[in-house]
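Fit chain P to the supplied structure of chain L, relying on the hints for placement.
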Amino acid sequence: MRKAIRFRLNGEAVEAQVAPHENVVEMLRDSFGLHGARESCGQGLCGCCTVLVNGRAVSGCLQLASLLEGAELATIEGGEGFDAVQQAFVESQAFQCGFCTPGFVLMTRKLLEENPDPADDEIRHYLSGNLCRCAAYPEIIEAVKLAAKKRRAA
Amino acid sequence: MKRSASPAETSQIGRSVERLESWLKVGGKAEYVHNLRLPGMLYAKIFRASVAHGRIREIDTSAAQAVAGVYRVFSGKDIAKLIPEPFFGPAFHDQPILAMDKVRYVGEPVAVVLASDPHVAEEAAHQIVARYEELPAVYDEVEAMSSKAIVHDTLKPAGTFPDLKHLKGKKDTNVALDFRLRRGDAERAMSAAARTFEHRFRTQQVMHTPLEPLVTVAESTEDTLTIHTASQSPSFVRIEIARLLGWPENRVRVRVPYLGGGFGAKLYIKLEALAAALSLLTRRPVKVALTMEEQFFHITKHASTFRIKTGVDEEGRILARQCEVWWNGGAYADIGPRVTQKSGFTAPGPYDIDNVFIDSYALYTNLPPAGALRGFGIPQLVWAYESHTDMIARALGQDPVAFRRRNLLREGRPQATGTPLRDAATGKVLDRLEELMEWKKPFDRGNGVVRRGRGIAIGFKACISNTTSLAEVRINADGGVTVYCSTADMGQGSDTAMAQIAGEVLALPAEDVRVVHSDTEVTPFDMATLGSRSLFHMGNAVRLAAQDALQKMGKLREELGLPADAAVKDVFKKKFGMQAGSVVGTGSFIPSYTPPDANGLTENATPFWMIGGSGVELEVDTETGRVRVTRLVNVADVGTPINPKIVETQLSGAAIMQLGFTLFEKMLFDEQGQLRNPSLAEYKIPGMLDLPGEIVNETVSAEQRSGPFGAKGVGETGTFGVSPAVANALEDAVGVRLTSLPLTAEAVFGGLAK
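For the protein sequence lines, the chains are L and P, in the order given.
Sequential numbering from 1 applies to the first sequence in our numbering.
Sequential numbering from 155 applies to the second sequence in our numbering.
The following block holds chain L by itself, in its conformation from the complex:
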């Protein structure tokens, strides 16, 4: 039943044996021991399972792993050290429990790629698919703006 798929995970060529029903979150957890993308609502509504597939943000709990053949998959665990977005999230203390944070960080990276200097309204709309029950939203908006500033300065 399982089939082998080959793809790039955070820049590295990898292979995984996946079941037909297995989603990306399960594969990351079971085959790679990565827990940054996590299932919460299970319906693609909270953004906790956000990953980037070929540069597009998708809900890992809804994406079948077997469809990743040949794809470029990026998760919160990718990259060396911490980028401007993560630094800004820490400086602004833009999280409390941290469960939703990887999703917000990944979406913020996407936002700043598309729009290096977003206004408050644009931030709110772009991140409206990510939920934070601790409601660190004001600090997240602050962090996005700080990250934008850091990236522009770099």
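Be aware that a few hints might be false.
[Unchecked claim] A few chain L positions that, by computed beta-carbon distances, are all more than 12 Å from chain P:
(1) Ala16
(2) Val58
(3) Ala71
(4) Gly98
(5) Ala154
[As the list claims (entries may be wrong)] As a list, the in silico DSSO-like pairs of lysine-lysine whose alpha-carbon atoms are at most 27 Å apart:
(6) P:Lys302 <-> P:Lys256
(7) P:Lys325 <-> P:Lys231
(8) P:Lys322 <-> P:Lys235
(9) L:Lys149 <-> P:Lys319
(10) P:Lys256 <-> P:Lys325
(11) P:Lys706 <-> L:Lys110
(12) P:Lys582 <-> L:Lys150
(13) P:Lys799 <-> L:Lys149
(14) P:Lys183 <-> L:Lys110
(15) P:Lys582 <-> P:Lys595
(16) L:Lys150 <-> P:Lys799
(17) P:Lys231 <-> P:Lys256
(18) P:Lys729 <-> P:Lys706
(19) L:Lys145 <-> L:Lys110
(20) P:Lys319 <-> P:Lys302
(21) P:Lys706 <-> P:Lys727
(22) P:Lys324 <-> P:Lys256
(23) P:Lys799 <-> P:Lys908
(24) L:Lys145 <-> P:Lys799
(25) P:Lys729 <-> P:Lys709
(26) P:Lys256 <-> P:Lys319
(27) P:Lys302 <-> P:Lys322
(28) L:Lys145 <-> P:Lys183
(29) P:Lys723 <-> P:Lys706
[Said to hold, decoys possible] Computed far set for chain L versus chain P, every beta-carbon distance over 12 Å:
(30) Ala4
(31) Phe7
(32) Glu15
(33) Val53
(34) Arg56
(35) Glu69
(36) Gly70
(37) Glu114
(38) Arg133
(39) Ala153
Don't read these hints as lab results, they were simulated from the structure.
In this text, all values refer to a predicted model and were calculated from it rather than measured experimentally.
Beta carbons: idealized from backbone N, C-alpha and C, even for Gly.
Just chain P now, with coordinates in the frame of chain L:
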């Protein structure tokens, strides 16, 4: 990527230290039970009741057992072979691990399937068939007072709380606590009043919705059990599991890493008994992990009805207040009876009233159980008394702020219980709220389709008493410091605050202090992480433990003939001839407390008071009823903030959460008690687009003299005033007074159409 620590000479108090685990969280590497997998682990999937109240006639698990890959299927009878009395709960031993003879709400766990593959377990759970003999059900908390539908045949108080003992063995009742308070003569004062006002308010059932759903993993050997659980109360879990099994506590180990949110959902005992029983029955590690949907069937916030009556004199001074509160506890008591009493006694609000009458009832109904949710009942009460207070002020033609100021309970004056208010800056909070709202300036209410309004509200809470926290602080041979405490960091930043407190005593930067997470094998007893108690109670215990460690270090220096400023490293080197050993300081804190008498009165009801006020400016679209909060101001007395940034975000987060409970969150049940919206698709929680246009959070300058370095709790304070402030602003804008939460566009539009 830790930042360099600040010089130790700098005080750790009042420093906005970044959460110690910040880099783990932004890197996706923080440890949650959600992540945990153990070799040989089985996944449990729960089969749930489909009727609200019924006797179980048959549970047919044969088809489920036949599904390929299923390890075992268990029902209540199997659990009872291991645990003859399989009923748990903090206030009543009323909740079965799996349903026994009856089911009492739709969604109650009835059977469970175990499989190595969670998908197999889920598929098999769908194959289970149960037959019930249906019984009449009751859903409304006021109806439950007199309903013929009786949820529990016999009441079984746990015995831990003296005020529940009289309910033992009671039959034919749904009342799980009848708390009463009488001070002065409310009836006489009411008849002497110039005017009286009476209103009735309702709150709806809502859910905590932590984004890490409830989850527990249990593993066992012949005679030990280790429970990894997303819990706010590891010490209680250990006590309760040991009681169920008849084991000594030292054979049960409870571990808690970071929590992906708690808000009261993960308190006392939830999935732990089931996971423990399944692991012991199978001798395999077992994970019980709920989906977001399933969470709605395990713990919720009390719906409530509050009838409130007030008598005032000619000048608008409150002479008497009568409060009757009915709390809808659902099918199992959980901590509802404590909510009923501990919050119930503040039902008249932060006002100076000589004649008070309170009746507060915990009710069983055939709905999912209700417990504590960020405020322990206080937001339900403030919603009612601050809506009511505003209505009185308006009816009297008085300014709502001035009316509150005239009646406000001040320092040293007795609260309803008779306990005097101490270190409670009610006046400052109200004054600052008025300033930040620019209350005295003219306010443009608009005259077109969109109307504007503003409102304020102020609430208070007595921290639950009496509860204990213990802590240990270890000074290691290399000079490093480790704090051992069972407070759960669920995002509120307790690790960081405890490190700051220990650091302050030991003259170390908080960043250099390591806080060990709850592990009952290592960390000492703590009552629980609840009710904004931890910073005060555990903070004091950590402070005492650090002081004890410091004193022991001093003694050691003396014994060794070393100067008082000798470095820690050198002390241990001299003592042991090498870098070895450690000094352990212990701290134990329990504030004094006097239980209430038969009239609910006591001179010492609480170790500290939390004061929170909110102001709201909003816009109402009169064509659709849509409400948009344009400005939200939160002012609080938190004593001396240990970490100002964390305090600010606690106030802000609590207020935004409460805004969800105010404007849209609601669990919807049909006539059969079936929940219609158990998913984030249909049960909406606040997102970015629901944020107020502007949020202001402030603390007033204050000191809790009995707190650690002047501090007190803050986790719930931001919730207090939000709901009534919105309702009051709504009336100010369009003249519509709503008395039931949530304040949906539909409700507003309905009010406008009248």
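Cβ separation check - Ala154 of chain L to all of chain P, threshold 12 Å: holds, 17 Å
Cβ separation check - Gly70 of chain L to all of chain P, threshold 12 Å: Label holds. Min Cβ-Cβ 25 Å, cutoff 12 Å.
Restraint status (C-alpha distance of Lys256 of chain P to Lys325 of chain P at most 27 Å): Holds, because 16 Å separates the two Cα atoms, which is no more than 27 Å.
Within 27 Å, alpha carbon to alpha carbon, are Lys319 of chain P and Lys302 of chain P? Holds, because 24 Å separates the two Cα atoms, which is no more than 27 Å.
Non-interface claim for Ala153 of chain L: all C-beta distances to chain P beyond 12 Å? holds, 19 Å
Given the hint that Lys145 of chain L pairs with Lys799 of chain P, does the C-alpha gap stay at or below 27 Å? holds, 18 Å
Between Lys302 of chain P and Lys256 of chain P, does the CA-CA distance stay at or below 27 Å? Roughly 17 Å separates the two Cα atoms, so the pair holds.
Separation of Glu114 of chain L from chain P, once the least beta-carbon distance is taken, above 12 Å: holds, 17 Å
Is the Cβ of Glu15 of chain L more than 12 Å away from each Cβ in chain P? holds, 21 Å
Next pair to validate is Lys231 of chain P with Lys256 of chain P; report whether the Cα-Cα distance is within 27 Å. Between Lys231 of chain P and Lys256 of chain P the Cα gap is close to 12 Å, so the pair holds against 27 Å.
So if I understand the rule, the pair passes when the alpha-carbon distance is 27 Å or less; does Lys149 of chain L with Lys319 of chain P pass? This hinted pair is violated, its Cα atoms lying about 62 Å apart.
Lys723 of chain P and Lys706 of chain P: Cα distance at most 27 Å? holds, 15 Å
In summary, the numbered hints that this structure violates are 4, 9, 11, 12, 23 and 38.
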